[in-house]
Structure formats: structure tokens, C-alpha cells
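Engineer: Sequence:
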Amino acid sequence: MTLIAKEEKRSAGPLIAFIDLLFLLVAFFILLLFFIQHSQQASEERLEVVSEALKRLTGEEVEVEEALERLEPLLERFKAEEQKAAELEQARLAKEQRRRSRTKVRLLYNIGADGRVQHQGHSYTVDEFLGQVVAPLRLKHWVSFRAYASPETPFGEVVRSRRRMLKDSNEFDTYWDNLDSQGAQEGK
Numbered sequence: 419m420t421l422i423a424k425e426e427k428r429s430a431g432p433l434i435a436f437i438d439l440l441f442l443l444v445a446f447f448i449l450l451l452f453f454i455q456h457s458q459q460a461s462e463e464r465l466e467v468v469s470e471a472l473k474r475l476t477g478e479e480v481e482v483e484e485a486l487e488r489l490e491p492l493l494e495r496f497k498a499e500e501q502k503a504a505e506l507e508q509a510r511l512a513k514e515q516r517r518r519s520r521t522k523v524r525l526l527y528n529i530g531a532d533g534r535v536q537h538q539g540h541s542y543t544v545d546e547f548l549g550q551v552v553a554p555l556r557l558k559h560w561v562s563f564r565a566y567a568s569p570e571t572p573f574g575e576v577v578r579s580r581r582r583m584l585k586d587s588n589e590f591d592t593y594w595d596n597l598d599s600q601g602a603q604e605g606k
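With this note's numbering applied, the sequence shown corresponds to residues 419 to 606, in that order.
Wrong hints could be hidden among the right ones.
In the SDA-like style, the derived pairs of lysine to any residue whose C-alpha atoms are separated by at most 25 Å in a straight line are [to be verified]:
hint: 1; residue 1: 473; residue 2: 462
hint: 2; residue 1: 522; residue 2: 554
hint: 3; residue 1: 497; residue 2: 486
hint: 4; residue 1: 558; residue 2: 523
hint: 5; residue 1: 558; residue 2: 516
hint: 6; residue 1: 502; residue 2: 515
hint: 7; residue 1: 522; residue 2: 582
hint: 8; residue 1: 558; residue 2: 519
hint: 9; residue 1: 522; residue 2: 559
hint: 10; residue 1: 522; residue 2: 541
hint: 11; residue 1: 558; residue 2: 539
hint: 12; residue 1: 473; residue 2: 461
hint: 13; residue 1: 473; residue 2: 492
Don't read these hints as lab results, they were simulated from the structure. Owing to the predicted nature of the structure, the values given are computational and were not obtained by experimental measurement.
The whole structure should be built from the sequences, with the hints applied where relevant.
Structural biologist: Here it is in C-alpha cells:
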């Protein structure tokens, strides 16, 4: 009796796995091509819509690329203006915040006929008044000026002193012509 050895069967498992992997790889690339073609068609459709809109606006056939080249400087200028507006808004908000953080103080003073400023029993020149009274107040407060003048005070002196008080200050000014502070308090 002779024994004949049977041939060993090879497993087809790795071959099937390789074929499956190749199939998945081919399917992936086909889907990738499909999506690329689909996005290209969508962008071409959008380009046609833009071209038609340009044609309606200008009344003539216009290439989108050419129109974009012509509009690019305008777009850059628009962006610069928009950025400038945003910076101005930021500055305005910061200024408003600073303004809210300061308290307001009313500063009452008289302008005499000689052009000197009387305040709390003292007499100052306008520059002395600015340096000794107004400047320290401005460091921590918003100053509301209330100027009084007697009828003898020349109007030009009043105008000059008020102009010096309010120079570059953005503060509120009230001027009562032909009244002195006691006359105003008595209601005259």
C-alpha cells in the first residue's frame, strides 16, 4: 500500500483581501474624481451667474477675471476704509470709557473788568488761573466752566478768557453775560 500524499490546498484569504483593497482604492479615486468634477461644475455655474450679473449691470459682455482685476483696487480701498472706520470706533469707545471714568466738577469764576479772574476770594491772571486751579482739576475731573461777568467787563475780555480756558479741552462751557456770581445766586 502506497500512500499518496494529497496536495496541500492554498488559502485564498490573502488574495481576496488584496482584491478587496484594490476595489476600495479604485472606488475612492472614482469618488474623488466625481467630487472634484462636481465642485468644478458648481464653480463654473457660479462664474456664469456672476458673468450674467455683470452683463446686466454693464450692458456688455464682461469677463469675470477682467472685472475682478478692475475691482481689486476698489476692494482694497474699501477694506482700508473699513479698517479705518473700525479703528475710529475703537478710539471712540476708548474715549467714551475714559470720559465715564472721570467725575464732573463745576468751576465757578468771575471775569473782572480788568480781565483778571476772581475765584474763591483770589484774583488771578488767566494763565495763573489755568495753571493753579484748572490744570489740577483737569487731571482727575471733567471741568464744567461757569463764567460770570459784571456789566462793566468788556465783552472782548470775556471772549479772550473763555477761549484760553477752553483751548483743547473738550469741556463744557456756560457763560452768563452781565451777571456776577452773587447776582446769579440771588436770581437777579
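Engineer: A separate judgement is required for each hint: does it hold in the structure or not?
Structural biologist: Status of each hint after checking the structure:
1. 473 <-> 462: It holds: about 16 Å lies between the C-alpha atoms, which stays within 25 Å.
2. 522 <-> 554: 13 Å, holds
3. 497 <-> 486: Between residue 497 and residue 486 the Cα gap is close to 15 Å, so the pair holds against 25 Å.
4. 558 <-> 523: This hinted pair holds, its Cα atoms lying about 10 Å apart.
5. 558 <-> 516: Measuring from Cα to Cα gives roughly 11 Å; hence the hint holds.
6. 502 <-> 515: Answer holds: residue 502 to residue 515 is near 20 Å, not above 25 Å.
7. 522 <-> 582: At roughly 20 Å apart (the allowed maximum being 25 Å), residue 582 and residue 522 satisfy the hint.
8. 558 <-> 519: At roughly 9 Å apart (the allowed maximum being 25 Å), residue 519 and residue 558 satisfy the hint.
9. 522 <-> 559: 5 Å, holds
10. 522 <-> 541: Roughly 24 Å separates the two Cα atoms, so the pair holds.
11. 558 <-> 539: 23 Å, holds
12. 473 <-> 461: Status holds; Cα separation ~18 Å.
13. 473 <-> 492: Distance of about 19 Å is within 25 Å: holds.
The structure fails none of the hints (numbered hints given earlier).
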